[in-house]
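Enquirer: Chain by chain, the residues:
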Amino acid sequence: MASSTGQSQLNLLQGTLDLLILKALAPGELHGLGVSRRIEQITKGAFQVKPGSLFPALHRLEEAGWLSSTWGESENRRKAKFYQLTKAGRRQLETETEEWQRISLAIGLALRTT
Amino acid sequence: MSWRARAAQAASAWRNLFRRSRVERDLDAEMKGYVDMLTDEHVRAGMPASEARRAALLATGGVEQVKEQVRDVKMGVFLQTLWQDARYATRVLVKNPGFSAAAILTLMLGIGATTAIFSVVDGVLFRPLPYADADRLAAIFLKFTPQNMARGPLSMADALDVLANCRSFQEIGLFQNGRLDLAAGGASGTGDATGTSSSAPAEQISGFFATPSFFSVLGVRPILGRTFLPGEDAPNGARLIILSEGLWRRRYQADASIVGKTITANSLSYTIVGVMPANFTTSSPEVEYWGNLWMTPPTRRGPFFLRTVGRLRPGVTLEQAQAEASALGRRIEQGAPRDYSNLDLPVVPLREVFVGDARPALMVMFAAVGVVLLIATVNVANLLLVRGSSRGREIAVRLSLGASRGRLIRQLLTESLLLSLLGAAGGIALAYAGLELLRATNPGTIPRIGDVRLDMRVLMFTAAVSLMTGILFGLAPALQSVRSDLTRSLRDGGRSMTSGAARRRMHAALVVAEIALSLMLLIGAGLLLRSFFLLQHVEAGFQTSPTELVTMRVSPNRARLTRQPNNQFDEAATLRYYERLLERVRQIPGVQSVALAEALPPNRSSWNDSFVIEGQDPIEAKSNPSVVIPTVDTGYFRALGIPVRRGRVFTERDTPESTRVTVISEEMARRYFAGRDPIGQKIKVSGPGLPNNPRYEVIGVVGDVKYSGLQDDHAPVYYRAQGQAPNMRMFLVVRSALGARVVPTVRREIQAVDGEAIVNQVETMEEALAESIAGPRFRMLLIVVFASVALMLAATGIYGVMAYSVAQRTHEMGLRFALGAARGDVLRLVMGQAARLAVAGIGLGLIGSLLLTRWMSTLLFGVEPTDPTTFAAVATGLAAIALIASALPARRAMRIDPIVALRQE
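Sequence order for the protein chains is G and U. Position 72 (the first sequence) corresponds to 72 in my numbering; numbering is contiguous. So my numbering is basically just the index in the second sequence, starting at one, shifted up by 1000.
No wet-lab data here; the hints were simulated from the structure. Small disclaimer: the values here were computed from a predicted structure and weren't measured. Idealized CB from N, CA, C, for every residue including glycine. Since no wrong hints were added, every one of them can be taken at face value.
With a Cα cut of at most 25 Å, we get these calculated PhoX-like pairs of lysine-lysine:
1) LYS1032(U) - LYS1074(U)
2) LYS1032(U) - LYS50(G)
3) LYS87(G) - LYS1074(U)
4) LYS1074(U) - LYS23(G)
5) LYS1032(U) - LYS79(G)
6) LYS23(G) - LYS44(G)
7) LYS1067(U) - LYS79(G)
8) LYS1067(U) - LYS50(G)
9) LYS1074(U) - LYS50(G)
10) LYS1074(U) - LYS79(G)
Which chain G residues stay away from chain U? Per the calculated CB distances, all over 10 Å, these:
11) ALA26
12) GLU29
13) THR43
14) ALA46
15) THR95
16) TRP100
17) LEU111
Just some of the chain G residues that point at chain U, by a computed CB distance under 10 Å:
18) LYS50
19) HIS59
20) GLY65
Work out the full structure: start from the sequences and follow the hints.
Expert: Structure, rendered in structure tokens:
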């Protein structure tokens, strides 16, 4: 995973990527490139997800039952696989968002104390 | 590399080897789409087309790597779910111990039995022989009238003809059976100051006398020393011997310097030249030595005692070799028309020689055990169906929560496979125990038993079988479980998922299959049982009680029976020797009579030859069969209680100086002296080609006795007097009410006459009779065991299904009772259902049996493969058992309290 803020971002976990993918698909279905662009967009350019990380994650999420996929056509009439959130996926997004917020709150508190 | 990555590698290798799966094609398409869209973006941003594509590929970072990573993830997920499924399956099995135990036990029986029998079939029929390039080896036999043996031995003259003319073979070795009486002690070497240091007693060993080519044909190297060199088969040369590894270890303490030492055997000195490895004789473990065969030039066509083993020339087929041999046979017959007619030289592949006879029995066993496995599989399938129905609600809930059907089916299959593997593990232990038992009791009917092992090949087979059975019994119930209308089943509490008509039909079909399969196996067992029973009661022909007859083989110290300087056989000395021996044994208290014989019932005969009756038409004489010609003493007929029908038997007056006499059997009299008095007629030994053979005058006719096994029809036999034609080695027959208890005293008396005599093959006649039918007994027992297991499984299967059916329909039956049905009606309903299943199963089973039992006919004695009595009896028995098995649940159905039933959900 490459990012403009450097190597440290590489250590961000698989779990974070999962969360971002789920969030990116919340509004509606997207194909692989679309997910990557959306993540870039919603993180204001902080994360540019390469296919080497993106596709394994997409397939893993699909195997886990949080995404489902269908074949369709892109804007330029290219054949593409579109991913959408399943019901379970939506629930998972909620859960993970809460979890993330809890953790970041706790870490923030910890870091603020001198 | 992690094992997961290794697995992924293996999987992709598999994929690359075979057609690309849909998943692969999808992945290709997805990546192509991605790269195309990225290219489009670049083009839209103003890059020229070719550069856009290159930039896109660069940005992607290698399409193939991405695909690999996706595959890796997929494999990881697959393995993870497999592990999850396995753990879940284990929990499920542990939570239902009764069910699990029943299923695993059933599978243990089925898979264990199949493994055991497969290892025997593999060892005997499939495993290659322990010789170099064994598929190129074949044996040449002799077949002619009157000898009438399908694969008979050759004479020295025949062998010389074969060696000179059979160009299809690059080399042919000769060998003959032999027994050596080893003197007490070990091997002595030149320069051994103390001579022998071993205290091994005198013993008799079996083995072969063989030519040097015998070893080069088989191509096995000795572990010590050498095999015979060309020229060492010259007559009257040095006597050489090669030991088997077993003998070398057991008797000579694996002496590393044994080569060159000498041993005394048959009162002659043999020099040891080598030791052969143990795997040389796994197919014939009784062979412990090889002496050098002397190719003594023959003076006439017979006798027939040599066997051959040859290596086909490269590129020559068996058919070509056979054509050449048959042509040779015709030429030999033309050259010696008085000795042979219908002469042929069958060429048989070596493997066939070892196992040919056993194949039908083994195939029947394999089929039988296959049936047991099938029944076990059906039982477990039924068990799973029943248990599946009780999980209906759980499955409905999971489906509604979004689990995919495929995933659920995979999980259920994992449970089945786990059961199967556990059953296989137990089955392998069972098979191991079974094989050890087999080796310990070895009835001698299984050739190459040394090659029967539970090794990797067999374990692979077991793994494959358990995988197959797991899928077989697991798939249908799994599919059944997830295929239903969700909403309906959630509403009615999972019941409609469980009592669907399709499920009932499946139960019924499985039960019918079980009944049909068990019937076939039971009929097979029944036929073998009857055969064995008839065999056991065959009259051997003598009237003395078998428990009162003890027999043993006496091999005297040859030095006493031979004259020097040429080791010539001393007839007079032999007669005196045995007279003294008999005299002493007669004195033993409790001994009623003693006798000597060179052949004994039921199946211990050594010498066959044909004969001519003086005055018989020569053409007719050529087709006289080859018969057993036992040499017996004066006390033989009385000791065994063989009735004398006419004339007299041998007495002390029949000496080497008086007229040669013979006693013939009733069958002989019937066939060759019909209508006239045989007394006074003359019989000549051997075929018409030997006009100057000794003539024997018939002095009496005795009752028929079997010498070639209880299964053999009465064959004509004629006896010679031991007093006129003594043998060195004889059987001693002792008749005593003490039975086997008299043996130690008899041995002492024999040792008193001759300290170096070897006494072996000691047994009562009762034991000998039992041993002669050991093969049929073993086969019968094995199939009866399988049939009993099958019956037990089928009965529990029927009971289970009927009980389940009644439990499921409790509600319905309660309703019927509430609406006024009589108890008897419900009983009739249930029993009627059971009866229909039984009839269908038995019907199918009978048809199957009629078609298949003909393959068993070589194993049967006295019964036809379609024997109606057996068929009827077994069918009736099974029907009765099926009805009893369903009677219990039926009774329970009768007693249903309608109020309780209706309240039940």
